[in-house]
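**Student:** Now for the letters of each chain:
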Amino acid sequence: MSVLLEPVDIAGHRNNTGISAATETKAGAFNVWGNSFAAEYLPEGDSLVHVAGVPFRFPPVCEGPDNIRCAGQFVRVPEGRYDWVHVLAAAERRCEDLVEMNYGDGSVDQEPLRVSDFWAAPAWFGEVKAFETPVMHYPHHVQQRVPAVMWAQRVPVTRRADLAGLRLPRNVAVHVFAMTLQRTEAGA
Amino acid sequence: MTYMTKGPEPELWYRDLISCLQATFGSLVAREGADPLAVLGAGWRFLHLPGDVRSEEFYYPCEDDDLGAALAPHHGLHAQWWQPEDEDDPWREMRAKLAEDRLVIAAVDNFHLPFRPAYGDVHAAHLVVVYGLDEVRGLVYVSDAMPPAFRGAVPIEAFLRSWGSANPTDVQDAFFSDSRIGRRCLDVRLDAPVPDLTPEVLAGYLSTDVEIFNRTGLAGFDAFAGELVDRCEAGDAGALRELYPFGWGMQAQASLHGELLRRCGREWGDPALAGAGRAVESVAHAWTGLRITGAHGLGDAQAAAADIARHATVLRGKYAEAVDTLSRGLR
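Protein sequence lines, in the order shown, are assigned to chains E and R. Take any residue in the first sequence, count from 1 to its spot, add 16: that is its number in the working numbering. Take any residue in the second sequence, count from 1 to its spot, add 21: that is its number in the working numbering.
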């Protein structure tokens, strides 16, 4: 793994189950209708996956909460200089909101987090399609021909200061499955 | 006898933020040889009619019962609801319209349609395009662009159950059930030729819409948001039940308008127009936060009130910013 790219441990913040097994579709409820991603088409739980060269620690699968439904959680990070916060994310409908970057010197900047719909949608914000399940899980059945998409998106860290943490938006439409920090290259 | 519209099957027109309302109208507009985005995305308004919202995916506010004019205020698009007059022959009007080579938009309950994900599971009001009727073989030909897109034959008995459904209250879908389908159909007409979209034509549309926004639209939003928050604080879940279908129409229109302006801005080499389009799209995206917060808060409206208020404030700011951006572009 590149020393510039560091997956962040978000285990303590996971509060939603968005992935389910075909044998127990009701266990997942990514959205208000109880739809969820199909586990059989996604990476193994806790595995290290690479999307467009960025390593992510994929969440546990079918073992409880697997993503953060954004509600203003504060995610601490190893204090340091970063250029990007990469996320594996999906939204209940196309959505954009603000992340608050908290720096060690006390400054706070808002940066946009833009995430396309997980429901049979295009990458409206130019994200990379990280994973796509060809079926959608409903509480009582597996629906063919309705894909669910997980996106790889990134948020800029614009301030040339040490980042200490970030506060996710208070927006339950946005779900974060994994997060990876990209350090600033020496001399940049 | 078989009644089928002539030519190719209806186009499956879809965008991720639209509902079956814009999708079905888009199919009909495309069949008239017009660009659905240029027609359905030309206008942008805000209108909330207290007490008018129905729990249907295709609810859209209109003051004079002309759904077509509400969706496309700058074009000669008109639409009126109708229902079969003869209970013993519900197909009579449908036969006549198909024989005239006209598509029909029909309201249905997803619970009874085999191609819908909710089949046999969830009651929900929806719209499809009917383009054929074969009473000999017992088939109705329908087109539905909403995922999973479908175009083909449905058994006539299944369609009749769906078209005539009571669409009873369904706890699995609080937003689109509990609304009788009643064999409703829409008669849609594009009465005037669609003019070429030029910078001058578009400027006329924008000027009208900005004037309406400044006169009644933004104030209308404030009244809507104020009532929404007040009702939530009072624990009235009905406010959130209405928010989802109402907001869908407003969100869809903002998304189409924004996309059209961005497209025109790119094609005409006008980055300010493209930027204005992006500002309007930001309105559509802010609707997501409000609608989804409301949907998840349905069980406890009072607890959701603070977040509803915050998202309504954000959305109000996006409206103001977009209207201001358009205003400056017109000066």
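Source of the hints: derived by calculation from the structure; they are not laboratory data. Each residue gets a CB set at the ideal place from its N, CA and C atoms; glycine is no exception. Heads up, some of the hints might be wrong.
[What the hints assert, rightly or not] On the chain E side, residues computed to face chain R include the following (Cβ under 10 Å):
1. 30
2. 48
3. 77
4. 78
5. 80
6. 81
7. 109
8. 133
9. 183
**Student:** All the hints need checking, so say for each whether the structure fits it.
**Tutor:** Tested hints:
1. 30: 17 Å, violated
2. 48: Interface hint status for residue 48 (chain E): holds (4 Å vs cutoff 10 Å).
3. 77: 23 Å, violated
4. 78: Result: violated, 22 Å to nearest chain R Cβ.
5. 80: 19 Å, violated
6. 81: At 16 Å from the nearest chain R Cβ, residue 81 (chain E) fails the 10 Å test, so the hint is violated.
7. 109: OK, holds: residue 109 (chain E) within 10 Å of chain R, min 4 Å.
8. 133: Holds, because the Cβ-Cβ distance from residue 133 (chain E) to chain R comes to roughly 5 Å (cut-off 10 Å).
9. 183: It is violated, given that the least Cβ distance between residue 183 (chain E) and chain R is near 14 Å, above 10 Å.
Taken one by one, the earlier hints fail for this structure at numbers 1, 3, 4, 5, 6, 9, listed in ascending order.
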